[in-house]
Every structure is written in structure tokens, then in C-alpha cells.
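We have chain A; now place chain B onto it with these hints.
For the protein sequence lines, the chains are A and B, in the order given.
Numbers given in the working numbering equal positions in the first sequence, counted from 1, plus 6.
Numbers given in the working numbering equal positions in the second sequence, counted from 1, plus 6.
Among the hints, erroneous ones may be present.
[What the hints assert, rightly or not] Here are the computed distance ranges between Cβ atoms for each label pair:
1) B/Gly65 <-> A/Gly108: 14 to 24 Å
2) B/Leu75 <-> A/Ala81: 38 to 48 Å
3) B/Thr8 <-> A/Leu24: 23 to 33 Å
4) A/Val8 <-> B/Asn60: 20 to 30 Å
5) B/Leu100 <-> A/Gly22: 26 to 36 Å
[As the list claims (entries may be wrong)] Using 25 Å as the maximum straight-line C-alpha spacing, the simulated DMTMM-like pairs for lysine to aspartate or glutamate come out as follows:
6) B/Lys112 <-> A/Asp113
7) B/Lys112 <-> B/Asp68
8) B/Lys112 <-> A/Glu95
9) B/Lys112 <-> A/Asp58
10) A/Lys71 <-> B/Asp90
These are computed hints drawn from the structure, not numbers from a lab.
The structure displayed is predicted, hence computed values, not measured ones.
All C-beta atoms, glycine included, are put in the ideal place defined by N, C-alpha and C.
As a plain string of letters, each chain reads:
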Amino acid sequence: EVQLVESGGGLVQPGGSLRLSCAASGFTFTDYWMHWVRQPPGTGLEWVSRIDSAGTTTRLADSVKGRFTISRDNAKNTLYLQINHLRAEDTAVYYCVRASWGNYHFDYWGHGTLLTVSS
Amino acid sequence: QTVVTQEPSISVSPGGTATLTCGLSSDSVSTSYYPSWYQQTPGRAPRTLIYNTNTRSSGVPDRFYGSILGNTAALTITGAQADDESDYFCMLHLGDGVMVFGGGTKLTVL
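Just chain A, same shape as in the assembly:
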């Protein structure tokens, strides 16, 4: 069974940093591109970032460029999202998502981890 389990969310002050993690299991992690998607409270989904299966290429949404970094440790089957210079508008549930074969859509979603940025 495919499982994606996010962790690392919580309450953080503006300007701070943190790293979200996503532990993957039930599939060959090294075969799949992975993504982060976020959802601010009461609003819609926003694509944040993606990383290829080897961890060699990444892409970021314009709204997070310069502050967010996506990475992965294929030996640990874990996806990461490093977030720096946190802002109130980063408050959201962050989902770890697996891209399908072909990388044109998502097939599995984690349950999400809530990040709240507030003083």
C-alpha cells in the first residue's frame, strides 16, 4: 500500500525556517517524481514544487522561489521541503504528492501537515 506521511509542521514565527518531511513507503521511491502542494485555510490548492526521481532537477512556483527548496533522500525514501524567511501567507496544509508515470498528474496524496506562521 502506498503511504505518504508528512511531518514537521507546527507553529513558527514569521522570519523563521523549518523543514517539512514526507516518509514514503509501499512503492519504489526512486521511480517517481514527487511534489509538494499546499492549501491555505479555507482556500484552494496551490502547486509548490517538484523534484525528479533522482533528485537532480527541481522546479518551484514563482510565489516561493528564493525561499523554498525541495530535496529528497532516496536512501531514506524521504522527501523534504525547506522553507526559509517564513511569512504569514505560508500558513497552509502542506501535502506530499506522488506524480504518476509520465508525470502529468498526481496519483497519491499524503494526509498533509499544517504549518502556521504567526507571532
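Showing chain B alone in chain A's frame:
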């Protein structure tokens, strides 16, 4: 800036048919964008419904149908049921694994 448009809300009667659309501010939506659709109920993670325009994910009933209608992608729900009441998000693939979501449609069944 790529903007994907969806109806904010749609109401449908039980047993009726609802069509949700997904448009682009600067282009026509075609199969080249590999439109996909996701269903989300409050407090839950999204669930993949439709991908590659019209392919249903495993376990999705054939009441859910994806298509291209004119210059938009569309999700049609026939025989609407109470538990279809959810938020529905379309997503387009812009290339190189970059995705963009629409703002979502809140479907009410009443």
C-alpha cells in the same frame, strides 16, 4: 502568470447532472495540458478522480466523466448523489512537471 478558472460554486439536484469547467486565461485547454480533476471533502486530502482528460482513477464510478468542451476541460457528474457534495479542483500540466490548479468548484447537491 497562468490563471486557471473554475466556477466558484455549482448546485445540482439529486439525480441530476452537473458540469464543471476548467479554463485558461490565456489559451484554450486541450489534451496537451493533460487536465486532471481532484475531489476534496472538508478536512481530507484530495482524491484523484480523472486524469489525462478522461481517464477515471481506480474505483471512481462511471458517473464521473472528463472531457474537453470547447476551449475548456470539463468534469461531468451524472446521477448526482449526496456524497458527491465536495470541492472539485482541476489541474493542468504546464510542462517539465510544473502544475497549476484552478480555484476549485464547490458542488452542492440539494
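Could you grab the alpha-carbon distance between B/Lys112 and B/Asp68 and see if it respects the 25 Å cut-off? holds (20 Å)
Measure nothing beyond the straight line between the CA atoms of B/Lys112 and A/Glu95; if it is 25 Å or shorter, mark the hint as holding. holds (23 Å)
Taking the CB of B/Leu100 and the CB of A/Gly22, does the distance hold inside 26 to 36 Å? The hinted range 26 to 36 Å holds for B/Leu100 and A/Gly22, with Cβ atoms some 31 Å apart.
Does the Cβ pair B/Leu75, A/Ala81 satisfy 38 to 48 Å? Cβ of B/Leu75 to Cβ of A/Ala81: about 46 Å, so the range 38 to 48 Å holds.
Is the gap between the beta carbons of B/Gly65 and A/Gly108 within 14 to 24 Å? holds (20 Å)
Mind checking the alpha carbons of B/Lys112 and A/Asp113 for me, to see if they're no more than 25 Å apart? Measuring from Cα to Cα gives roughly 22 Å; hence the hint holds.
Look at the Cβ atoms of B/Thr8 and A/Leu24 and judge whether their distance stays inside 23 to 33 Å. Once the Cβ atoms are compared, 29 Å apart, the range 23 to 33 Å for A/Leu24 and B/Thr8 holds.
Given the proposed pairing of A/Lys71 with B/Asp90, does the C-alpha separation stay at or below 25 Å? violated (36 Å)
Taking 20 to 30 Å as the stated bounds, is the beta-carbon spacing between A/Val8 and B/Asn60 within them? holds (24 Å)
Do the alpha carbons of B/Lys112 and A/Asp58 lie within 25 Å of each other, as the hint requires? violated (32 Å)
When each numbered hint is compared with the structure, violations occur for hints 9 and 10.
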